[in-house]
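Peer 1: Here is what each chain is made of, one letter per residue.
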Amino acid sequence: MASLHQFSVIKGSKVLMVGAGGIGCELLKTLALSGFQDIHIIDMDTIEVSNLNRQFLFRQSHVGQSKARVARDAVLKFRPEISITPYHANVKDPNFDVDFYKQFNVVLNGLDNLDARRHVNRLCLAADVPLVESGTTGFLGQVTVHVKGKTECYECQPKPAPKTYPVCTITSTPSKFVHCIVWAKELLFAKLFGDKNQENDLNVRSGDAASSSNHVEDVFERRNDEDIDQYGRRIYDHVFGYNIEMALSNEETWKNRNRPKPIYIRDSLHDEPTQQNGNVEKNGGTNDPSSVSAMASLGMKNPQDIWSLKENSKIFLEALKLFFLKREKEVGNLTFDKDDQLAVEFVTAAANIRASSFGIPLHSLFEAKGIAGNIVHAVATTNAIIAGLIVIEAIKVLQNDTKRYRMTYCLEHPSRKMLLMPVEPFEPNKSCYVCSETPLLLEINTHRSKLSEIIEKIVKPKLGMSAPIIMHGAEVLYETGDDLDEDLLASYAAVVDKVLSELNSPITGGSMLTVSDLYQELRCSINIKHREEFDEEKEPDGMVLSGWSQASVENDGNKSVDHNAGSTSESLTVETGKDSEEEIVPGKKRKLYEVSEDVTPSDAQEVRANKKLEVLDEDDDIVMLDGEDFGISKKKIQSQQP
Amino acid sequence: MDGEELTEQETALYDRQIRVWGADAQRRLSKAHILVYGLKGTVAEFCKNIVLAGVGSLTLVDDRVATEESLAANFLIPPDENVYGGKTLAELCCDSLKDFNPMVRVLVEKGDLLSFGVDFYSKFDVVVVCCSSLATKKLINAKCRKLSKRLAFYAVDCKDSCGEIFVDLQLHRYSKKKLEETIECELNYPSFEEAISVPWRTLPRRASKVYFAMRVLERFEEADGCKPGEISADDLPSVLKLKKELCESQSLSESHIPDGLLERLVTNGREFPPVCAIIGGILGQEVIKAISGKGDPLKNFFFFDAMDGKGVIEDVSSSNTGS
Ligand SMILES: [Zn+2]
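These protein sequence lines map, in sequence, to chains E and Z.
Using the working numbering, the first residue of the first sequence is number 126, and each one after it goes up by one.
Using the working numbering, the first residue of the second sequence is number 7, and each one after it goes up by one.
Here chain Z stands alone, though its shape is the one from the complex (with noise of 0.2 angstroms):
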């Protein structure tokens, strides 16, 4: 397919993926164009996965200085002040992570992603956004949405023991090994929006409990005006509120939203680095499945909490957008 072959410089050295992905999965990252939002530990777990990988681009956009707070659970900053004093996280990481695949063009982007217009989203296959407040999740990805293009968005957040994605590939045409066979499918996906405003009480019984958490703080949050991951412990007996008039409006027993679960989210919000690992290598796995057009990708949400262990997939939309 698309005519054109890997060189051997690049077999050489993706030697070991193409035998799981094959070569044309291979080329298809090689012209992938990727933007992230938020150099947070998790999102950097990513880009060593994609850049390795070797995708097309990368470009970076956060313009944040870096902080001690902001190298916790970040492996591609030296914690060095002399090194990170006065740079933009986007500009560290984008240094460290040019070093990792010499051919991958890793670039950083200044701005403010929501200001961006129409011209620069199209010009990439993914958009990810990490610790992102709910009013920037949903209008970034009604953004990718007004394309003409087809454009693959996810939302991540890491706290504590629990990590989160959120995957819209709208329709999305891909194909799949089925015993000997190959079969084609189709997913059709809704955006952030429409997912969140499905009623809880229309959710699984065993739905993660997470999902809910997140949400309760996502609300908190925006009611709260505080910025993402800003949140403490002295907040904690105004989210149990919030929580409870939220499960009383949507018919939730409030046994589906632990206050103990919500207590760890807020009082130790922090990443906690073996979950960064967990979700980046799990977003790095969706996304090259996205691109390469092979395998069932996740619809749409996926949760991880190391107190239980479990890595699960909920798939939260309403029947008529379904698939």
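The following block holds chain E by itself, in its conformation from the complex (with noise of 0.2 angstroms):
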């Protein structure tokens, strides 16, 4: 493979890669020793600790700066005669353009999130380069190879639609830890110490029965009189007893189902004294707010322990009174994040103790954190083996060996005795929205919805448009922009803000709109199709596009309502991808593995991956020998054993 000729081709080449982190660490020395020379990296994240046990060109006192540059100085130090060169940046940043694209020979992705990957994927297609792609969890990884008008593109197939889970489940009916742990950190962690203008749906809908919504509001609040124990002491015994009694109330919704217990802090806690909690001392030698810890005060240690309801208990209390102690400040406008402690043990004891309520199994801080911040498992050797096959498909495209090209599955337990698996790649899907011209259908009610609602559901979320402009025929109804002046600014304002039939040019069944990404240099038109009614929970938008390539809906039974982060009370969501280091969103009707473990490839998936080795094995003995230029007869060999 290391031939002469092959050198040349490497020497020659510039390449991007997108991404420093775990496949990038990995990816940037082995293109190093493979002889590239010209390497550009884009990565907009800083080192964490928790990079280092994989990441292996960043050390401690790296902790804090950027990825890409000391990436850059670390493989300088064994290969420095070779050019790199780092950027700080988010990847879609508009200067990197279509013209910058332009001047690689190949862009290798070492992403972690869905979103960027589809962004390089239409930047790639409209500056015709060739994109190698690349994901890991665990053991698991893969590699593909996107070539435009040769094989499929990143987005030809479906992607796995980012987690979500009906309002009632999470509200009233859960059923697995995580509608504990998303309860407990959208709704009772954003309530408690989150912004108080959002909308919450923390408390529980008791039916019919007529709870003064003013009454409803007060409870969250600390009265002011009201020493810390005591708020502590009533918020658990609404959020935990009241509202359990309340939710009991409706007799309706616990007949196929297990009745929760309510829980009073008299009876978790019966045994200790009022004011005994926490010593609170124990964090006083501090003045850092994100080294504040419950544990730490009640002189707990071990995170993978997991505690009893009455340990909960005390956690809960605990950390809600160091918050409002020792992060008064905070208090009001904090979110979730899976790095500050506090947060973690306060989430982690909530939703263990709505957990006992609902007869679900507790879980440690550890396991709750990795849930709660949606931590993608990762490991070295799934990054090494990953980074050295990009290397290798990223030289077969060098050479334009379009024959060669592959797809590779990186599996934990082997598969016809594979652990790498190699498989061909597929062609375009021909209606793929991105990289063909087919258009969408759109499904809408034109008559009550409204233009506004088209760009925040559909094109912006779904469509992965950053900066759309939206026209309908040759009349431009909303675009965005730094240039644009004030008057036109408003006039968009009030377009999108119309009822679609109410335009000037009204959009009605039949109409077509053209959407196009500034940056992205994508354009596809929507065709519109009126329809009166939606169901509320299967369709909670209120609208329905088809032909476009996201998963999702019937998968794991829950009906998908999409995430809409603040605006809406109609829907929760766990973050996907966000905070993930590394990320397999393979499609999901035909590639083998999912970007969460506890989905198993179907057996669709199996056999098409399986159907396409075989092709491969056919011609096994004829690639040994084809492959290379020796003059070696190339009729197929049959074995002759004996």
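Note that these hints are calculated values from the structure, not bench results.
Computed from a prediction, not measured in an experiment: that's the story for all the values here.
Just so you know, not all the hints are guaranteed correct.
[Unchecked claim] In silico lysine to aspartate or glutamate, EDC-like type, Cα no more than 16 angstroms apart, as pairs:
{"hint": "1", "chain 1": "Z", "residue 1": "K300", "chain 2": "E", "residue 2": "E537"}
{"hint": "2", "chain 1": "Z", "residue 1": "K116", "chain 2": "Z", "residue 2": "E97"}
{"hint": "3", "chain 1": "E", "residue 1": "K202", "chain 2": "Z", "residue 2": "D86"}
{"hint": "4", "chain 1": "Z", "residue 1": "K184", "chain 2": "E", "residue 2": "E537"}
{"hint": "5", "chain 1": "E", "residue 1": "K202", "chain 2": "Z", "residue 2": "E87"}
{"hint": "6", "chain 1": "E", "residue 1": "K202", "chain 2": "Z", "residue 2": "D101"}
{"hint": "7", "chain 1": "E", "residue 1": "K542", "chain 2": "Z", "residue 2": "D314"}
{"hint": "8", "chain 1": "E", "residue 1": "K321", "chain 2": "E", "residue 2": "E453"}
{"hint": "9", "chain 1": "Z", "residue 1": "K155", "chain 2": "Z", "residue 2": "D125"}
{"hint": "10", "chain 1": "E", "residue 1": "K623", "chain 2": "E", "residue 2": "E578"}
{"hint": "11", "chain 1": "Z", "residue 1": "K182", "chain 2": "Z", "residue 2": "E192"}
{"hint": "12", "chain 1": "E", "residue 1": "K463", "chain 2": "Z", "residue 2": "D21"}
{"hint": "13", "chain 1": "E", "residue 1": "K575", "chain 2": "E", "residue 2": "E657"}
{"hint": "14", "chain 1": "E", "residue 1": "K426", "chain 2": "Z", "residue 2": "E16"}
{"hint": "15", "chain 1": "E", "residue 1": "K426", "chain 2": "Z", "residue 2": "E11"}
{"hint": "16", "chain 1": "E", "residue 1": "K217", "chain 2": "E", "residue 2": "E646"}
{"hint": "17", "chain 1": "E", "residue 1": "K202", "chain 2": "Z", "residue 2": "D105"}
{"hint": "18", "chain 1": "Z", "residue 1": "K247", "chain 2": "Z", "residue 2": "E227"}
{"hint": "19", "chain 1": "E", "residue 1": "K542", "chain 2": "Z", "residue 2": "D302"}
{"hint": "20", "chain 1": "E", "residue 1": "K587", "chain 2": "E", "residue 2": "D240"}
{"hint": "21", "chain 1": "E", "residue 1": "K542", "chain 2": "Z", "residue 2": "D321"}
{"hint": "22", "chain 1": "Z", "residue 1": "K247", "chain 2": "Z", "residue 2": "E269"}
{"hint": "23", "chain 1": "Z", "residue 1": "K300", "chain 2": "Z", "residue 2": "E187"}
{"hint": "24", "chain 1": "Z", "residue 1": "K183", "chain 2": "E", "residue 2": "E537"}
{"hint": "25", "chain 1": "E", "residue 1": "K582", "chain 2": "E", "residue 2": "E664"}
{"hint": "26", "chain 1": "E", "residue 1": "K528", "chain 2": "Z", "residue 2": "D314"}
{"hint": "27", "chain 1": "E", "residue 1": "K463", "chain 2": "E", "residue 2": "E173"}
{"hint": "28", "chain 1": "Z", "residue 1": "K184", "chain 2": "Z", "residue 2": "D302"}
{"hint": "29", "chain 1": "E", "residue 1": "K446", "chain 2": "E", "residue 2": "E351"}
{"hint": "30", "chain 1": "E", "residue 1": "K426", "chain 2": "E", "residue 2": "E436"}
{"hint": "31", "chain 1": "Z", "residue 1": "K182", "chain 2": "E", "residue 2": "E537"}
{"hint": "32", "chain 1": "Z", "residue 1": "K93", "chain 2": "Z", "residue 2": "D69"}
{"hint": "33", "chain 1": "E", "residue 1": "K426", "chain 2": "Z", "residue 2": "E14"}
{"hint": "34", "chain 1": "Z", "residue 1": "K37", "chain 2": "Z", "residue 2": "E16"}
{"hint": "35", "chain 1": "E", "residue 1": "K446", "chain 2": "E", "residue 2": "D352"}
[Said to hold, decoys possible] To be clear about the criterion: a stretch of chain Z counts as covered by chain E if any three or more of its residues have a C-beta under 8 angstroms from a C-beta of chain E, and this derived list gives those stretches:
{"hint": "36", "stretch": "18-24"}
{"hint": "37", "stretch": "58-72"}
{"hint": "38", "stretch": "276-283"}
{"hint": "39", "stretch": "288-299"}
{"hint": "40", "stretch": "305-317"}
For glycine and all other residues, C-beta sits at the position ideal for the given N, C-alpha and C.
Please dock the two separately framed chains into a single complex, following the hints provided.
Peer 2: Here's what the structure looks like:
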């Protein structure tokens, strides 16, 4: 493989790496060792302690610094003669435009989220530059090749939707621990420590039980004369006791479910003296709010322990108290952060108490943190293997060796004796809205919905556009940009706020909108179909987009509800991807593995992959001989076993 | 298990991997002692992986002095003669590896691995040898097997676009998850010598061609007296002749060892860095599995060839040593 011919291809090439994290560190090292001489690398992140177990170019002393720059310096130590250009920037920055991409021979992705992957895919298509895409989670990984017109693009196949949960599952009928985590993090934590003005479904809607809404709102306010211990106990009783009682009063809900058990502080801490809580002084030595810990003040050390209901109750009260005593300035504008120890403690305890109520098994802080923070499992070895496979694929792309392009899966358990399984890439999907011109179909009530809803529910989240321009025929209905004058912006604001059928040129059934993104050079058409009614639970957006490639809905039995943080109380979601170091986002229909470890590949996926493989196996003998230019006979050789 | 808990520092550093293999596997790792011999690019990759994973200690043996060629696929050594001049490969790699994880002890042992006695070997849980002669592999594997404690033995080699891993875990007991349950399993491994004496014609028809090619090269080096990796293009006719002889004596069709494959391995025996990363990665995972006693380890050969992109497991053991 390492022939002279190849070295000239490698040496003369200019490559762009996107991401200097787990895969990125390994990739930059392997590229440098393999003889690449001109490497550009984009990463907006800075180094964290939890990176150090696998992002081997970084040290403790680098924590807080730019990944792209530190990675460059580290690699130059063993390959000082090559050129590495770091960009400590967001890949979605408009400076990285089509012309920027055009200077490269190949783009290599080591990214951690779907959004950025889609963005890079679109720019590679626009600039006609081949893309090698990758992802890992735990021992699983994959590398895919995307060359315009030759193989499918990154978005040709459905992508798993972010995990979302119906509101009522979270507020009233949790059945899994993750539901309790979402409740503790998105509702209770947000209610107590976050922005008070945000809508919040914390209080159980007890059917028609007419609890005055004023009363409900006040419950979470600390009263003037209220001491912090009293306040904590009152909140505890309200959310784990009173609210459960209210929910129980709604008999209909519990016909086919186990009834939850209300929990009051007098029961869970029955043998504790009222004032005996943690030793706040244990946190006294430090002025750093980020090091405040309820575990520390209660003398609890091991994050792997599963706490009893009593311990959870103590942590709950202690954490709540510490927020008000030690971090009072932040109360009112906190959002959950997996690296905030006190927040993780509070959410773990609250989720566990709720889990106790509903008969759901309790979890350790370590596990709860993983679920709440959406932490993707990651090890160095898988990243190293995947980086090796990326470089091999990149060399084939540089050689224009189309026939040998492969997507490769790194498996945990061998399939047909293989741990590394190459599969022939698929052809472009002719109805892909990204790499073909196929229009999408949007069913919507044109007499009720506004253009702003299309932008917020479809164009931005689903089509992944950040700077959309929407046109109806030749008329520009909406656009964004820093350079637009105020009058124009005001007129756009008026347009997007109008009902579709009442626009100057009305949008009705049969209309076609053209949506494009300034920075991605992506343009697609949306055919509008009028529909009167939508199912609130199944179609909470009040509109349905089809022909768009995000796998959704039926998968895990949850009716999925799109996430729209903050702006609506209809949806709750565990964010996916944002905090993960690496992430596999394979298509749902055909590829083997899922982002999350709890989803197993369906038979159909396996069959398709194996079928492809069968084909490869057949010319096995030929591949070996054919690969070389040694003039060896190319006829297929039968093995002759005695 | 094992009584001791991970420290706060360990939990923070190893957070992401504990989520993959669990806290007790991490504790076992932190008590494991690894010995490696032959610090080429593949072993550099392996050492990086295992130091990051947080083993107890890593001992490096390689008294060869650094040369420009030995740096080609090794990112642990700065290519500055003022730095590497006069130092051994083990010393240089040690300097660099120490930095990767302050919680792992990285040590250098001078001397000839073959001359070390039982006492020396018994300090370790895992031995990895790289780019070693047939005789060395047999001998060290045999030493490992003589100890009263169990010692995992691995031999690795990378040439051109190909890589090979051999594994001997002797009698290995481990647990794995099947559906929701954890089940206990047991595997019995043959030694290197036993494995390579399995008659070729009894191997599966689709057995990896790399397996046979590597055996041919091993035998050639042994007969010719040249050191591993010193084979060159001039040797090709003799290698092809040897292949013919071996195929005849083993009653194996010559098509199982394509001349093109041998030519690649002979004329370009240098390591190819992407393959080093892949073989070093798989080896790292296998060693972690062996130490933690979690998950199916591979039995007993692994091959990767960048030309077809397949990473294949081959079980080469005669029926009486098989599991
Ligand atoms: Zn496409």
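Peer 1: Confirm or reject each hint.
Peer 2: Right, here's what the structure says about each hint:
1. Z:K300 with E:E537: Holds: K300 of chain Z and E537 of chain E sit about 12 angstroms apart, inside 16 angstroms.
2. Z:K116 with Z:E97: Holds, at roughly 9 angstroms.
3. E:K202 with Z:D86: Holds - the C-alpha atoms of D86 of chain Z and K202 of chain E are around 9 angstroms apart, at most 16 angstroms.
4. Z:K184 with E:E537: With Cα atoms ~13 angstroms apart, K184 of chain Z and E537 of chain E stay inside 16 angstroms; holds.
5. E:K202 with Z:E87: Judged against 16 angstroms, a Cα distance of about 13 angstroms means the pair holds.
6. E:K202 with Z:D101: Within the cut-off at roughly 14 angstroms; holds.
7. E:K542 with Z:D314: Distance of about 15 angstroms is within 16 angstroms: holds.
8. E:K321 with E:E453: Answer holds: K321 of chain E to E453 of chain E is near 14 angstroms, not above 16 angstroms.
9. Z:K155 with Z:D125: It holds: about 11 angstroms lies between the C-alpha atoms, which stays within 16 angstroms.
10. E:K623 with E:E578: 10 angstroms, holds
11. Z:K182 with Z:E192: Satisfied, since the Cα-Cα distance of roughly 11 angstroms is no more than 16 angstroms.
12. E:K463 with Z:D21: 12 angstroms, holds
13. E:K575 with E:E657: 14 angstroms, holds
14. E:K426 with Z:E16: The hint holds at about 13 angstroms.
15. E:K426 with Z:E11: Cα-Cα ~10 angstroms, so holds.
16. E:K217 with E:E646: 13 angstroms, holds
17. E:K202 with Z:D105: Given pair K202 of chain E, D105 of chain Z holds - Cα atoms ~14 angstroms apart, limit 16 angstroms.
18. Z:K247 with Z:E227: 13 angstroms, holds
19. E:K542 with Z:D302: Holds. K542 of chain E to D302 of chain Z sits at ~13 angstroms (cutoff 16 angstroms).
20. E:K587 with E:D240: At roughly 10 angstroms apart (the allowed maximum being 16 angstroms), D240 of chain E and K587 of chain E satisfy the hint.
21. E:K542 with Z:D321: Given pair K542 of chain E, D321 of chain Z holds - Cα atoms ~9 angstroms apart, limit 16 angstroms.
22. Z:K247 with Z:E269: 12 angstroms, holds
23. Z:K300 with Z:E187: At roughly 13 angstroms apart (the allowed maximum being 16 angstroms), E187 of chain Z and K300 of chain Z satisfy the hint.
24. Z:K183 with E:E537: Within the cut-off at roughly 12 angstroms; holds.
25. E:K582 with E:E664: 12 angstroms, holds
26. E:K528 with Z:D314: 11 angstroms, holds
27. E:K463 with E:E173: The given pair, whose Cα atoms are some 13 angstroms apart, holds under the 16 angstroms limit.
28. Z:K184 with Z:D302: 11 angstroms, holds
29. E:K446 with E:E351: Holds, at about 12 angstroms.
30. E:K426 with E:E436: Between K426 of chain E and E436 of chain E the Cα gap is close to 12 angstroms, so the pair holds against 16 angstroms.
31. Z:K182 with E:E537: 12 angstroms, holds
32. Z:K93 with Z:D69: 9 angstroms, holds
33. E:K426 with Z:E14: 8 angstroms, holds
34. Z:K37 with Z:E16: Holds, at about 13 angstroms.
35. E:K446 with E:D352: 10 angstroms, holds
36. 18-24: This one holds; 7 residues, not fewer than the three required, reach chain E with a Cβ under 8 angstroms.
37. 58-72: Coverage by chain E holds here, the residue count being 3 at a Cβ distance below 8 angstroms.
38. 276-283: holds (count 7)
39. 288-299: holds (count 4)
40. 305-317: Holds, because 8 residues of the stretch 305-317 of chain Z bring their Cβ atoms closer than 8 angstroms to Cβ atoms of chain E.
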